[in-house]
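Whole structure, please, built from the sequences with the hints as guidance.
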Amino acid sequence: MSAVDAATDPRLTLARLRAAGVNPAPTDPRGLATLFAAASRAGRRLVDVSPPGSLVQCVSLGWQDGSEPDASEDTGVTRLEAARELALVLAAALRCCWPDPDRHPFPGQTTTFETIMRARSALDSHSVVIDDGNGATGIQHRRAALQRLREAGYLTGSDAELRLGHQVGLWSSTQVAALRRAYDLLPRPGAAAGEAAGEADESEEVNGR
Amino acid sequence: MTAATPLHDLAPARQADVLAALAAVETASLPVPEASFRALQDPALRASLAQCLDEAGRVLLKVHGGWLSGYDDAIAAHLAAEGLGSLSQDERAVLALVMIHCVAVPRARGQISSESWLEAVPVPRSELEKSQMTNVRIRAALTRLKAAGILRQGPKGTVRPSHQFLRLTPYMSRRLWENLMLVAQPDGVMASVIRRRRDRETTRPPNVHHTKESS
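Taken in sequence, the protein lines are chains A and B.
The first sequence runs 1 to 209 under this note's numbering.
The second sequence runs 1 to 215 under this note's numbering.
If you're looking for bench data, these hints aren't it; they were derived computationally from the structure.
A hint or two may mislead.
Per the computed footprint, the stretches of chain B lying under chain A, defined by three or more beta-carbons under 8 Å from a beta-carbon of chain A, are [to be verified]:
hint : stretch
1    : 32 to 42
2    : 116 to 124
Straight line, CA to CA, 25 Å or less: simulated SDA-like cross-link-like pairs of lysine to any residue [claimed, not checked]:
hint : chain 1 : residue 1 : chain 2 : residue 2
3    : B       : Lys156    : B       : Ala93
4    : B       : Lys62     : A       : Asp74
5    : B       : Lys146    : A       : Arg143
6    : B       : Lys146    : A       : Leu80
C-beta atoms are modelled at their ideal positions from N, C-alpha and C, and glycine is treated no differently.
This is the structure in structure tokens:
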């Protein structure tokens with residue numbers, strides 16, 4: 001039988017990180033180095049996802065470069081597809097918070113709920129009004145999608161000051177490169193309804209945690 | 001069990017095999033077929049994969065002929081005690097209702113004989129709304145449980161258990177079934193047996209396993 005030492009077991013620390021999504025990093029350098037080494041032994045990567053101006057270093061558990069979950073269809077792996085509305089709202093939020101495609105989208109810049117909703121409207125030609133079975137349609141549906149993105153760590157903050165969350169900070173350079181190729185298809189903040197061109201579903205590729 | 005070679009002691013190509021399988025079992029919604037990844041087919045690489053998972057408090061689970069991952073039992077007990085990743089009171093209440101209607105009652109009636117949590121009779125949402133919870137709270141909890149992959153939509157406004165149940169270890173699966181029996185028949189003989197066994201178990205934590213067969 002193997003006991004778990006709640007204070008020092010790095011397995012428990014990494015499990016906490018997985019369950020919580022993001023946690024403060026150990027403040028002593030030796031503790032931080034131990035955690036980095038533990039993540040590496042686990043085949044994972046510890047990523048600094050501290051928001052700008054944070055007094056505390058925040059870390060999350062990402063994939064090693066080149067070993068991200070493969071989103072192609074012929075891997076034999078079945079994954080849930082993101083709901084279309086979720087992908088469209090994420091596409092809008094991503095563009096609003098990612099002004100410079102040469103840089104990693106995280107941490108990006110802050111935006112507002114209204115700005116994201118306007119950008120989302122630019123994708124109206126890509127959407128179908130769906131009744132989710134709970135009576136939510138239209139703007140309610142979009143608000144619910146944004147809330148789900150918040151809960152899943154893709155967005156953070158209040159409606160007046162939204163920014164990309166730690167999940168975006170975990171996107172590897174390979175994943176960001178894939179998104180960068182679709183950058184011009186993302187709806188610009190302030191774009192008129194239906195103005196965005198092409199498909200914006202590239203964001204669905206980035207769904208592994 | 002094959003002795004595990006640590007990830008960093010493997011040749012680069014074999015490390016890539018293990019990491020590919022790791023990403024697959026950690027993110028798939030259904031069991032990953034063994035034939036899809038070299039590190040699932042080869043016992044030595046599979047042991048390395050199990051060790052990688054163990055380093056993060058996870059275990060490799062054989063489920064319906066494929067592979068998935070879950071939390072190690074002892075680690076899960078710690079997380080639950082800390083409230084990490086736990087469901088809210090409303091989510092637990094709605095989930096209990098769904099499981100009683102979808103699994104416990106049909107199993108007791110002999111409608112389903114499989115021990116798989118996905119072998120379930122979908123329950124209409126209207127049935128859940130007969131409970132003391134308000135419809136608004138039920139709807140909110142259902143939305144969150146579906147988003148988490150714990151429940152899914154069935155035909156004609158019904159709900160049923162979803163793929164996250166496949167990530168339960170045999171120990172956690174047994175605990176869940178026992179909990180359903182405790183809720184459904186708290187004064188029954190089985191409930192007494194379960195309570196007595198749990199009283200004995202409280203003095204020792206669950207074993208820590210590395211690879212488990214769940215079906």
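Task: Structure versus earlier hints - violations, ascending order - done: Of the numbered hints given earlier, the structure breaks just one, which is hint 2.
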